[in-house]
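Take each chain as given, in its own frame, and dock them per the hints.
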Amino acid sequence: GAVVSQHPSWVICKSGTSVKIECRSLDFQATTMFWYRQFPKQSLMLMATSNEGSKATYEQGVEKDKFLINHASLTLSTLTVTSAHPEDSSFYICSAREDGRFWEQYFGPGTRLTVT
Amino acid sequence: EDQVTQSPEALRLQEGESSSLNCSYTVSGLRGLFWYRQDPGKGPEFLFTLYSAGEEKEKERLKATLTKKESFLHITAPKPEDSATYLCAVCRGSYIPTFGRGTSLIVHP
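As they're listed, the protein sequences go chains A and B.
Counting in the working numbering, the first sequence runs from 1 upward without gaps.
Counting in the working numbering, the second sequence runs from 1001 upward without gaps.
Among the hints, a few may not be true.
[Stated by the list, open to error] Cross-link-like lysine to aspartate or glutamate pairs, in silico, DMTMM-like; alpha carbons within 20 Å at most:
#1 A:Lys41 <-> B:Glu1009
#2 B:Lys1059 <-> A:Glu104
#3 A:Lys14 <-> A:Asp88
#4 B:Lys1063 <-> B:Glu1017
#5 B:Lys1059 <-> B:Glu1017
#6 B:Lys1042 <-> B:Glu1009
#7 A:Lys64 <-> A:Asp99
#8 A:Lys14 <-> B:Asp1039
#9 B:Lys1057 <-> A:Asp99
#10 B:Lys1042 <-> A:Glu22
#11 B:Lys1042 <-> A:Asp99
#12 B:Lys1063 <-> A:Glu104
#13 B:Lys1042 <-> A:Asp88
#14 A:Lys55 <-> A:Glu87
#15 B:Lys1068 <-> B:Glu1001
#16 A:Lys41 <-> A:Asp99
#17 A:Lys41 <-> B:Asp1039
#18 A:Lys41 <-> B:Glu1017
[As the list claims (entries may be wrong)] Beyond 10 Å from chain B on every Cβ pair, some chain A residues (computed):
#19 Leu44
#20 Glu52
#21 Phe67
#22 Ala72
#23 Thr75
#24 Thr78
Honestly, the hints are just simulated from the structure, not real lab data.
The beta carbon of each residue, even a glycine, is placed where N, CA and C say it ideally should be.
Next comes chain B alone, as it looks inside the complex (with noise of 0.2 Å):
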């Protein structure tokens, strides 16, 4: 069975206080990893979709990094709107996503 774990659950920052999102998974046959941000009461909003071990992707403050066993999304120097829930998630070949419980990130102005 797929699994995803993001950590930690929450996370509070100060305003440009850079810091790391983790996500690990067990899936076999990893097609995709992707991150979505989800505001409150929102749908998720697409941010990156990494294909394979090593592969880096970046958008604005955020970069997400990909290994075999897990994904990290860094946050550069993040702003008050930067708060919201980030969720990751594995797809195999079946292209239907799992994901995470998600961590919810709060970064205090």
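Just chain A, with the same shape it has in the complex (with noise of 0.2 Å):
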């Protein structure tokens, strides 16, 4: 049980477009979501907290209007990069939390995101 899942798993596109990650919860209802970017032998630097049905919550320095984030049913939130340029290419990771069980976050497995 207690499944993420992400797509895609890598994708490459070019500076100026706009690329879409989706994060789904496979087995449980996910009332909050979160997103992370991990860059190489650093650590997971947390982006955005999502709650279901309503606004993202920003960590400060990430932008909003960049990185559009869309929480619309329990099993799925997705992360919009917006006109991308090389310094966004990172790795993206998603977790989910089921209501009222706040230790237990579940991650997915990650996308490779590569701005050329």
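Here you go:
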């Protein structure tokens, strides 16, 4: 149980284009989802927290107009990187949490984004 | 500001050579400390949650312990398949974890 999937697992896009990453909870309802970014040999950096049906809360320094997060259902959250640039190349990981189970956070397999 | 420091940054062991990974933290009002395993190119896999000083948890060759300032992940008689990056994270009342940079473990056969 508690499986989280991400799609795509990797994507290459050209500078200036937008790319959407999906995060799904497969066997539970995720009232809260988190989006992280991880650079090589670095820690997971939280980008934003989203609750189903409401606007995402972004961490300081994360541009909300660039990283659009939508959590439209209890099993799906999307991260859209708009007007991507090479410095946006990174490993993006989502995680999901069930309502009331505050200590249990399940991570997706990650999406490798390369912007050329 | 919450801080999580993991050491060593990298560790190489021979198969069967036991060792410990350290996670030291400074956080007011710790509600939980987590250990995750992350394989290259994959998302973190949950291992343990520790809630209070003195608590210990075990899973196969891994044992996690917690004091008021640090946590240890003990690896007993490791095998090559234990090779991975081990991440530590702490949570306050916001239930949002702050992660350390991880310890990269390589176990040679």
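Going down the list of hints, with the structure as the test:
Restraint check for A:Lys41 and B:Glu1009: satisfied, since their Cα atoms lie roughly 9 Å apart, inside the 20 Å limit. Among the hinted pairs, B:Lys1059 with A:Glu104 is consistent with the structure: their alpha-carbon atoms are about 17 Å apart, no more than 20 Å. As the CA atoms of A:Lys14 and A:Asp88 are separated by approximately 11 Å, the hinted pair is consistent with the 20 Å bound. Proposed proximity of B:Lys1063 and B:Glu1017 is supported: the alpha carbons are some 15 Å apart, at most 20 Å.
Using a Cα cut-off of 20 Å, the hinted pair B:Lys1059 and B:Glu1017 holds, with the two alpha carbons roughly 17 Å apart. Restraint check for B:Lys1042 and B:Glu1009: satisfied, since their Cα atoms lie roughly 19 Å apart, inside the 20 Å limit. Simply put, A:Lys64 and A:Asp99 have alpha-carbon atoms about 25 Å apart, too far for the 20 Å limit, and the pair is violated. The hinted pair formed by A:Lys14 and B:Asp1039 fails the criterion: a straight-line CA distance of about 28 Å is larger than 20 Å.
Using a Cα cut-off of 20 Å, the hinted pair B:Lys1057 and A:Asp99 is violated, with the two alpha carbons roughly 25 Å apart. Taking the CA atoms of B:Lys1042 and A:Glu22, the gap is about 16 Å. The hint holds against a cut of 20 Å. A threshold of 20 Å between alpha carbons decides the hint, and for B:Lys1042 with A:Asp99 the separation of about 25 Å lies outside it, so the pair is violated. A distance of roughly 19 Å separates the Cα atoms of B:Lys1063 and A:Glu104; the hinted pair therefore holds under the 20 Å criterion.
At roughly 19 Å between alpha-carbon atoms, B:Lys1042 and A:Asp88 fall within 20 Å of each other, so this suggested pair holds. A threshold of 20 Å between alpha carbons decides the hint, and for A:Lys55 with A:Glu87 the separation of about 25 Å lies outside it, so the pair is violated. Our distance criterion of 20 Å between C-alpha atoms is met by B:Lys1068 and B:Glu1001, whose separation comes to about 17 Å. Annotation: proposed proximity of A:Lys41 to A:Asp99 is violated, straight-line Cα distance about 32 Å (limit 20 Å).
For the hint linking A:Lys41 to B:Asp1039, the alpha-carbon distance of about 12 Å falls within 20 Å, and the restraint holds. Under the criterion of a C-alpha separation no larger than 20 Å, the hint pairing A:Lys41 with B:Glu1017 is inconsistent with the structure, at around 24 Å. The claim that A:Leu44 lies off the interface is violated: its Cβ sits roughly 5 Å from the closest Cβ of chain B, which falls inside the 10 Å cut-off. The beta carbon of A:Glu52 is kept farther than 10 Å from every beta carbon of chain B, the shortest such distance being approximately 16 Å.
Every beta carbon of chain B lies more than 10 Å from that of A:Phe67, the smallest distance being close to 17 Å; the non-interface claim holds. Chain B leaves A:Ala72 outside its interface by the beta-carbon criterion, the shortest separation being 22 Å against a cut-off of 10 Å. Every CB of chain B is more than 10 Å from the CB of A:Thr75 (nearest about 17 Å), matching its label as outside the interface. The claim that A:Thr78 is not at the interface with chain B holds, since no C-beta of that chain comes within 10 Å of its own (minimum 17 Å).
In the structure shown, a violation is registered for the earlier hints numbered 7, 8, 9, 11, 14, 16, 18 and 19, in ascending order.
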